[in-house]
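Sequence order for the protein chains is A and B. When we follow the numbering used here, the leftmost residue of the first sequence carries the number 1, and every step to the right adds one. When we follow the numbering used here, the leftmost residue of the second sequence carries the number 1, and every step to the right adds one.
Misleading hints may appear alongside valid ones.
[Claimed, not checked] In silico contact screen, one side only, chain A against chain B (beta carbon under 7 Å); selected entries: (1) T56; (2) N57; (3) I58; (4) T61; (5) S152; (6) Y219; (7) G287; (8) N291; (9) R461; (10) L481; (11) D485.
Quick caveat, the hints were computed from the structure, so don't treat them as lab data. Remember, predicted model here, so these are calculated numbers, not experimental data. Quick reminder that beta carbons are idealized off the backbone N, C-alpha and C, glycines included.
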Amino acid sequence: MKKLLSRFLSLSLAAACLTSLFTGCHGTKDTNEFVMPDGLDASEKYEIVFWAKNDTNITQTQIYNQAIADFEALYPNIKVNIRLYTDYNKIYNDVITNISTGTTPNVCITYPDHIATYKTGDNVVVPLDNLINDKDYGLGGKEVKFDSPSKSEVIPEFLNECILDGQIYCLPYMRSTEACYVNKEYVEALGYEVPDILTWDFVWEVSEKALAKNPDGTYVLNGKDVMIPFIYKSTDNMCITMLKQQDAGYSDDDGNILIFNDTTKEDLKVIAEHTGTGAFSTFKISGYPGNFFNAGECIFAVDSTAGATWMGTNAPLSDIHENQIVDFTTEVRPVPQFNVDEPKMISQGPSICVFNKPDSGEVLASWLFAQYLITNDVQIAYSCTEGYVPVTSKAQDSIEYQEYLSRSGEDNSQYYSVKIDAAKLLLDNTSNTFVTPVFNGSTSLRNAAMQLIESTAKSTRRKQVVDDAFFEQLYEDTKSLYRLDQIAAADKDSRKTLGPLPTGSVVLLSAIGGAWIVIIAYFAVRFATKKRAD
Amino acid sequence: MNKTAKIIMSTTLMASMAFSAFGCSTAETTATETTADVAETTEAAAETTEASETAADLLEGKTVMTYAEYAAAPVDSEVTVETYIQAKQGWWENEGVGNASFYTQDENGAYFLYNMPCTEDEYAKLTVGTKIKVNGFKSEWSGEVEITDAKFVIEEGNYVATATDVTDKLASDELISYQNLFVSFTDMTVEASNDAGAAFLYSYDGSGSQGDDLYFKVSVNGQTYTFTVESYLTGADTEVYKAVEGLKVGDKVDMEGFLYWYEGVNPHITKVTVK
Chain A
1 MKKLLSRFLS LSLAAACLTS LFTGCHGTKD TNEFVMPDGL DASEKYEIVF
51 WAKNDTNITQ TQIYNQAIAD FEALYPNIKV NIRLYTDYNK IYNDVITNIS
101 TGTTPNVCIT YPDHIATYKT GDNVVVPLDN LINDKDYGLG GKEVKFDSPS
151 KSEVIPEFLN ECILDGQIYC LPYMRSTEAC YVNKEYVEAL GYEVPDILTW
201 DFVWEVSEKA LAKNPDGTYV LNGKDVMIPF IYKSTDNMCI TMLKQQDAGY
251 SDDDGNILIF NDTTKEDLKV IAEHTGTGAF STFKISGYPG NFFNAGECIF
301 AVDSTAGATW MGTNAPLSDI HENQIVDFTT EVRPVPQFNV DEPKMISQGP
351 SICVFNKPDS GEVLASWLFA QYLITNDVQI AYSCTEGYVP VTSKAQDSIE
401 YQEYLSRSGE DNSQYYSVKI DAAKLLLDNT SNTFVTPVFN GSTSLRNAAM
451 QLIESTAKST RRKQVVDDAF FEQLYEDTKS LYRLDQIAAA DKDSRKTLGP
501 LPTGSVVLLS AIGGAWIVII AYFAVRFATK KRAD
Chain B
1 MNKTAKIIMS TTLMASMAFS AFGCSTAETT ATETTADVAE TTEAAAETTE
51 ASETAADLLE GKTVMTYAEY AAAPVDSEVT VETYIQAKQG WWENEGVGNA
101 SFYTQDENGA YFLYNMPCTE DEYAKLTVGT KIKVNGFKSE WSGEVEITDA
151 KFVIEEGNYV ATATDVTDKL ASDELISYQN LFVSFTDMTV EASNDAGAAF
201 LYSYDGSGSQ GDDLYFKVSV NGQTYTFTVE SYLTGADTEV YKAVEGLKVG
251 DKVDMEGFLY WYEGVNPHIT KVTVK
């Protein structure tokens with residue numbers, strides 16, 4: 001039942017997104033730019049609000065609570081009030097709502113894409129560069145009361161994802177990527193070996209072969225009525241990753257929308273072809289890949305490494321009844337690739353941002369708590385709950401974490417092998433990860449990427465004609481629905497120089513200038529006259 | 001200061017004020033955006049009206065299926081039914097398009113309408129008992145059979161279903177034939193939801209907080225089942241939500257709700273009566 005809620009929430013992100021898309025300057029108008037105070041006043045009581053997200057995982061909730069208790073013990077004058085969410089989109093919606101009323105939390109778990117929208121308000125989100133580099137209270141600062149990592153110990157690729165418009169606006173909290181979870185026995189039964197790196201061609205070929213049926217209509221491979229060989233959870237990632245692997249356009253750093261190109265269309269045609277045969281489906285159409293995978297009704301299930309505890313015969317978490325789960329070996333591989341020599345996979349995962357407040361002491365207290373969340377105690381504990389990896393080398397290289405990795409398979413809970421394999425996948429491929437450009441509107445573009453695949457798959461399943469005309473119409477409908485032409489225009493407008501002043505402004509400024517000249521001339525004449533009289 | 005100077009100064013002051021007003025980017029931007037928002041909203045409303053008219057036009061020639069025909073239709077096929085609203089989840093907006101999910105039913109069977117586009121005004125009109133004609137695609141998501149990508153028109157007519165007691169069918173294969181119906185359960189016993197003996201949990205494993213879905217276990221005939229109070233159907237301020245928060249292990253309860261499906265039966269409970 002864990003994941004059901006997210007289905008009802010899965011599209012809610014866009015609600016707030018559109019409301020906020022072009023609403024620059026909707027911020028807390030009375031908040032000035034944050035200026036670092038001289039120090040943290042120990043006699044002052046601070047109460048800060050922390051909006052956290054967990055994966056509907058009670059252990060993660062407990063880790064947050066423990067982190068707060070430990071932090072409050074170090075800083076008795078700071079009280080942290082946590083509000084728990086199970087969906088990033090709901091946090092995003094609530095932050096947007098609270099920006100306009102000046103009631104944002106102090107610290108929240110969020111995505112850089114979302115911060116791009118938050119920061120369209122004036123001084124809403126605190127740029128962290130000065131805080132990070134502060135010798136007293138920055139990362140590894142001498143006044144910090146805990147074993148804080150230094151800036152150089154934050155994995156550079158992950159920290160770089162937090163840079164927006166040249167400034168660091170968040171700290172990475174956890175990182176994950178996508179993995180392809182493979183039913184090894186099914187692949188072998190079809191006459192193949194699971195390669196170290198899957199190609200798209202391999203996955204399509206095996207998937208098609210898995211559709212052979214018995215005379216009674218059941219599938220030869222599993223003897224059941226249901227077999228969806230290849231299921232992708234996040235089709236926005238699927239579209240983005242396919243394009244990245246082919247060096248095709250998606251968007252650029254200037255916020256230009258490049259997704260509606262011929263490569264995208266060719267990819268969609270392939271997806272349509274395999275959807276039509278029944279070889280491929282998506283989470284939104286059929287359900288969670290893990291449920292089909294664990295029931296022996298799927299061979300290749302692509303989902304986040306942060307969902308690894310739900311994948312496989314011995315998965316500690318499951319949404320299906322235990323008597324539906326079949327016995328098989330789960331292999332964890334990178335998502336399918338076009339070029340095995342240059343694998344590319346998405347980097348994802350939550351970050352931590354600090355909101356600005358009128359009291360700079362409160363902001364400093366918030367920063368200290370944010371910083372506490374990337375200490376080894378929190379990083380290692382939280383990353384072990386799922387296939388996340390810690391965001392600092394300090395944590396990754398620690399004896400404690402290395403021991404955790406080395407004990408893979410000792411049990412099916414803390415040391416569940418699929419979970420640890422998933423974490424290792426990212427650890428081994430950090431340099432092969434990528435992120436997409438972040439700008440105000442990048443969330444809508446991501447939704448559009450998802451829509452292209454979902455619409456193609458749905459229309460194919462519904463026996464509608466999926467041809468060039470269909471794709472042309474799909475492109476136009478998607479641009480319109482997600483207002484992508486407006487995003488591009490708005491973003492460009494915000495970046496370009498303002499151009500020549502309107503005539504009215506020229507006249508007004510000339511009048512002001514002229515008036516001052518007359519005033520100065522008047523007093524100059526009076527001064528000269530008086531001087532002469534004297 | 002003589003008259004000339006006063007005129008010059010006042011001109012300068014007015015000009016400066018005017019300049020300040022022009023220069024106050026926040027005020028100017030806000031005003032402009034508000035106007036733009038209104039314009040966009042009006043445009044969206046017009047588009048929605050247009051969409052509704054299109055929906056009516058589209059539905060005009062559609063042949064209405066009986067429940068039996070609907071039940072027999074394959075997944076992914078186009079379906080058109082006449083049905084009556086029995087309950088609705090919260091309305092929300094996705095990329096400027098309003099959506100809500102509806103539990104609907106006629107005299108012969110039930111239809112769950114997932115994320116059906118509707119304006120907020122239409123949502124308000126879709127009260128319990130309202131008759132609608134719906135066209136969409138029959139879909140199946142994790143065992144839940146539903147109508148997706150639906151269009152609808154409101155029609156004359158009203159029907160409010162009475163709950164069908166399915167307590168005795170909970171353990172049987174026959175239960176799935178009641179999927180999505182308004183049902184009741186009688187004389188069930190509240191069981192502990194976790195090792196600590198909690199009578200209910202916020203989220204399925206207790207990781208949530210007030211406002212999240214409630215999960216609780218109830219037993220009958222030696223079998224224990226997990227029931228849900230779906231927060232988007234009945235939120236924290238509703239009677240059923242509060243009633244479940246007040247449950248104690250061992251309580252005998254009667255319940256009503258909708259027979260939702262997620263990898264097995266997952267009733268969305270709308271009423272709990274402690275005996």
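Structure-based check of all given hints:
no.	hint	verdict
1	T56	holds (5 Å)
2	N57	holds (6 Å)
3	I58	holds (4 Å)
4	T61	holds (5 Å)
5	S152	violated (35 Å)
6	Y219	violated (17 Å)
7	G287	holds (4 Å)
8	N291	holds (6 Å)
9	R461	holds (4 Å)
10	L481	holds (5 Å)
11	D485	violated (14 Å)
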